[in-house]
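Asks: Here are the chains, one letter per residue:
There are 2 protein chains.
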Amino acid sequence: MNKNKDPLPSWHDGKVKQQIIDFIDRVTNKESDDFVAIEDRIATFDNDGTLWVEKPLLAQLAFYKRELLDAPVLAKVSFIHRIANWLKAALLNVFDLLRMLLAYFYSGLTTDEYREKVESWIKRAKHPRYKTQYTNLTYQPMIEVLNYFEEHGFKNYIVSGGTANFIRPWAEQVYNIPVNRIIGSSVKTRLGKRDGKLAVKLEPIPFSFEYRSGKVLGIERRLAKRPIAAFGNSLGDVDMLRWTRTNKHSLCVLIHHTDHKREYKYSPDPFYHFGKSTLSYAQELKWQVVDMKNDWRIIFNFERLR
Amino acid sequence: MNKNKDPLPSWHDGKVKQQIIDFIDRVTNKESDDFVAIEDRIATFDNDGTLWVEKPLLAQLAFYKRELLDAPVLAKVSFIHRIANWLKAALLNVFDLLRMLLAYFYSGLTTDEYREKVESWIKRAKHPRYKTQYTNLTYQPMIEVLNYFEEHGFKNYIVSGGTANFIRPWAEQVYNIPVNRIIGSSVKTRLGKRDGKLAVKLEPIPFSFEYRSGKVLGIERRLAKRPIAAFGNSLGDVDMLRWTRTNKHSLCVLIHHTDHKREYKYSPDPFYHFGKSTLSYAQELKWQVVDMKNDWRIIFNFERLR
Chain A
1 MNKNKDPLPS WHDGKVKQQI IDFIDRVTNK ESDDFVAIED RIATFDNDGT
51 LWVEKPLLAQ LAFYKRELLD APVLAKVSFI HRIANWLKAA LLNVFDLLRM
101 LLAYFYSGLT TDEYREKVES WIKRAKHPRY KTQYTNLTYQ PMIEVLNYFE
151 EHGFKNYIVS GGTANFIRPW AEQVYNIPVN RIIGSSVKTR LGKRDGKLAV
201 KLEPIPFSFE YRSGKVLGIE RRLAKRPIAA FGNSLGDVDM LRWTRTNKHS
251 LCVLIHHTDH KREYKYSPDP FYHFGKSTLS YAQELKWQVV DMKNDWRIIF
301 NFERLR
Chain B
1001 MNKNKDPLPS WHDGKVKQQI IDFIDRVTNK ESDDFVAIED RIATFDNDGT
1051 LWVEKPLLAQ LAFYKRELLD APVLAKVSFI HRIANWLKAA LLNVFDLLRM
1101 LLAYFYSGLT TDEYREKVES WIKRAKHPRY KTQYTNLTYQ PMIEVLNYFE
1151 EHGFKNYIVS GGTANFIRPW AEQVYNIPVN RIIGSSVKTR LGKRDGKLAV
1201 KLEPIPFSFE YRSGKVLGIE RRLAKRPIAA FGNSLGDVDM LRWTRTNKHS
1251 LCVLIHHTDH KREYKYSPDP FYHFGKSTLS YAQELKWQVV DMKNDWRIIF
1301 NFERLR
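Protein chains in written order, with our numbering: chain A, 1 to 306; chain B, 1001 to 1306.
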């Protein structure tokens, strides 16, 4: 590899870029005290808001919204009835809504049928603001980070509060991350039959929720190792970054959405959150904070073509 | 690779060996109608009784037995009390016993502490009959199969009713299968603290049980792909082999324990099983059945030294 080639051309030169490059140099240099064996070079990445756009609506919610709009009237009425019932019982928040949507849409579908629905949606859906496919809305600077890590012997994992079933159909093509490295939320499943053949069916029962501490538990359950690098953008990623920080050598990066012109500007914390803020954690535990407006030369690959 | 070199030297020439070799030739030959792209070359292997000895006692149960013998008197009394209570309520079977043991031994331990216990046990424990470490009791013909598959672009996975936490500490060294390819049963976990530092703690609550249909669900949850090859030895593996058989091209192998002199002789089914037997499934679905006595030249690597 050409040592002089900039591995992160979409990043402005600055502290965060330098820290990422220094980290890779340290952990891959056999002479360094910080050298990490190749089998322990694990990096975990949140997906929504870290690798691609999550505003104005999480892609997975946009997918369910489409499904709902396409549903027969009776299904819609039944769904609205459920929402009404549910509003009586609980304060609406996006994660409970996601859970309810999962329950509604997953029930009875086979995993193959769900995969086909996602594949079909991701090909034709357009983002309301950028008028392009969601897979064109990955962050180019983060794609460069994924490649840079991969080239240096890292295994990249996605750890998402979204479901693994939603991410796997397109992640290998978009991020070069294979299906067995997608760690995501899941619903219960059962082995049944479809058209006389064995099939795995989705049940409307949450099984795991890879959000906040659930991200750490999901990583530990599948890898039994701690990542040495982690990237996130919100309160949901704080525990994963804290967990990564318990390593002797680690790189923890928080993507801060500061650019309302090119993308969106918002806080890492949901408005109803009380307690220590994500940015306070970042400061206290010395995470690198990416200021999207000032650290990223381009955000999306299509900006190059302009 | 030398085409003339026997890839499976510990196997006697015969139908099963030939079928394995033919299968690998077919799925890796680009000219063949049965060619399978490298990313879909997934092989799954049961562990106990398929890759290593499971008699007279599952290694994981031997581990718990040792833990129990080493436990303080009060813990033993409490444990015996629990067994007694539990016997009142249910018919004893080995899987319920395993579940209870998990619940008993996992509670409060961190995943790191559990890993250390397993690492320490696997180094010093000796099998009662062979008087050697359990890791010397892997089946040499199956080690050759793992290597043969790996060399032909396959990703090998272990799918075990035993817990992933028990297998991961030694599987990479013994089978050359990395931790992220161990799919096994698990207990619930939570993020807590040990000595002021973040730690994942084991809870005495079963989370997933990778046995019978649980093996299929575990594979689907992590890979969202169907294996094209699967190896098992018992009723617990029937659903995994049936699932694999739904592929257009597949190799399903049942290891039949027929050699009481060199190893053990026993049925693939537990004595209390009713319904279709594992061997009937094998016949009906055209699985390859390994007759250990007649198909395997040696069973353990140490036989070579004799």
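By construction, these hints were calculated from the structure, which means they are not laboratory data. Any given hint could be a false lead.
Partial chain B-side listing against chain A, Cβ under 7 Å, derived [claimed, not checked]:
no., residue
1, W1243
2, E1303
3, L1305
Taking lysine to aspartate or glutamate and the EDC-like style, the derived pairs with C-alpha atoms no more than 20 Å apart in a straight line are [said to hold, decoys possible]:
no., chain 1, residue 1, chain 2, residue 2
4, B, K1123, B, E1067
5, B, K1055, B, E1067
6, A, K188, B, D1239
7, B, K1225, A, E113
8, B, K1193, A, E284
9, B, K1225, A, E116
10, B, K1225, A, D112
Just so we're clear, the structure is a prediction, and the values are computed from it rather than from any experiment. Even glycine gets a Cβ: it sits at the ideal position worked out from N, Cα and C.
Asks: If any of the earlier hints don't hold here, list their numbers in rising order.
Replies: 2 and 3
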